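Read left to right, the sequence shown gives residues 13 to 211 (my numbering).
If you're looking for bench data, these hints aren't it; they were derived computationally from the structure.
Heads up, some of the hints might be wrong.
In the SDA-like style, the derived pairs of lysine to any residue whose C-alpha atoms are separated by at most 20 angstroms in a straight line are [what the hints assert, rightly or not]:
{"id": "1", "residue 1": "Lys25", "residue 2": "Ala108"}
{"id": "2", "residue 1": "Lys21", "residue 2": "Asp113"}
{"id": "3", "residue 1": "Lys204", "residue 2": "Ser31"}
{"id": "4", "residue 1": "Lys23", "residue 2": "Ala186"}
{"id": "5", "residue 1": "Lys197", "residue 2": "Gly157"}
{"id": "6", "residue 1": "Lys93", "residue 2": "Gly157"}
{"id": "7", "residue 1": "Lys204", "residue 2": "Arg194"}
{"id": "8", "residue 1": "Lys75", "residue 2": "Lys99"}
{"id": "9", "residue 1": "Lys209", "residue 2": "Gln38"}
{"id": "10", "residue 1": "Lys27", "residue 2": "Gly157"}
{"id": "11", "residue 1": "Lys21", "residue 2": "Ile153"}
{"id": "12", "residue 1": "Lys23", "residue 2": "Lys204"}
{"id": "13", "residue 1": "Lys21", "residue 2": "Lys197"}
{"id": "14", "residue 1": "Lys99", "residue 2": "Glu110"}
{"id": "15", "residue 1": "Lys68", "residue 2": "Ile153"}
{"id": "16", "residue 1": "Lys75", "residue 2": "Lys46"}
{"id": "17", "residue 1": "Lys93", "residue 2": "Trp185"}
{"id": "18", "residue 1": "Lys91", "residue 2": "Ala181"}
{"id": "19", "residue 1": "Lys163", "residue 2": "Ala35"}
{"id": "20", "residue 1": "Lys204", "residue 2": "Lys68"}
{"id": "21", "residue 1": "Lys197", "residue 2": "Asn48"}
{"id": "22", "residue 1": "Lys163", "residue 2": "Met85"}
{"id": "23", "residue 1": "Lys98", "residue 2": "Ala186"}
{"id": "24", "residue 1": "Lys25", "residue 2": "Lys109"}
{"id": "25", "residue 1": "Lys93", "residue 2": "Ala108"}
{"id": "26", "residue 1": "Lys21", "residue 2": "Ala180"}
{"id": "27", "residue 1": "Lys46", "residue 2": "Gly157"}
{"id": "28", "residue 1": "Lys93", "residue 2": "Arg184"}
{"id": "29", "residue 1": "Lys98", "residue 2": "Lys109"}
{"id": "30", "residue 1": "Lys205", "residue 2": "Met13"}
{"id": "31", "residue 1": "Lys109", "residue 2": "Lys163"}
{"id": "32", "residue 1": "Lys209", "residue 2": "Met94"}
A quick note: this is a predicted structure, and the numbers were derived from the prediction, not measured.
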Amino acid sequence: MDLQDVREKYKRKNKILFSRDSACLQDLLQLIRKQNHRTLVCWAFECVGEPLQILKTHYPDEKRPETAVRLSMAWAEGKIKMPEAKKAILQVHAAAKEIADPADIALCHAVGQACATVHVESHAIGLPVYELTAIVHQHGIENCGPAIADKIQYYMKCLALCAQTTDAAPSRWADFLLDDSRPNKELLVFQKKQSQKQG
């Protein structure tokens with residue numbers, strides 16, 4: 013597991029320790045770029061369960077992460093409109109500013125990014141970027157490697173499963189998530205970056 017870039021960010025005391033350029037995330041990103049929007053939404057909601065549970069355990073009276081997930085699911089199902097869900101998502105990021113623990117701060121942002129995947133595919137990678145940052149804080153930079161590797165394997169398996177099962181019940185999705193005519197925004201980010209390198 014290549015965590016050299018993560019170690020460098022940790023030494024610089026960066027708040028976010030992973031990015032689209034992180035070597036350990038390249039296989040996952042390649043898989044994300046191949047998915048339709050609703051598959052990534054399904055995946056984000058599957059993966060957000062653990063961060064949500066940790067936050068509930070640490071802050072039993074803090075309801076903003078749970079509310080954001082619930083309203084974002086309703087948005088994905090076409091039961092509410094974007095403004096109501098967006099307000100709840102912004103509240104999760106606001107909650108992070110009220111927390112001192114760096115791991116829990118990162119988990120709040122992971123929840124927010126997972127929920128924002130309903131808006132656009134390029135938010136999907138935000139969940140691992142922040143959740144893996146939390147794992148580094150939980151385990152320490154010297155001991156986090158196995159936990160990081162296990163979590164990335166979980167992401168990959170979960171995404172492969174969602175890709176197989178997402179369309180089993182198409183009626184559960186809002187109309188905008190059933191529209192496959194638009195390109196995957198994470199793929200567009202990658203193509204733009206590649207074009208800039210070549211130019």
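- Task: Determine which of the earlier numbered hints do not hold for this structure and return their numbers in increasing order.
- Result: 4, 5, 6, 12, 13, 15, 16, 20, 22, 25, 26, 27, 30, 31 and 32
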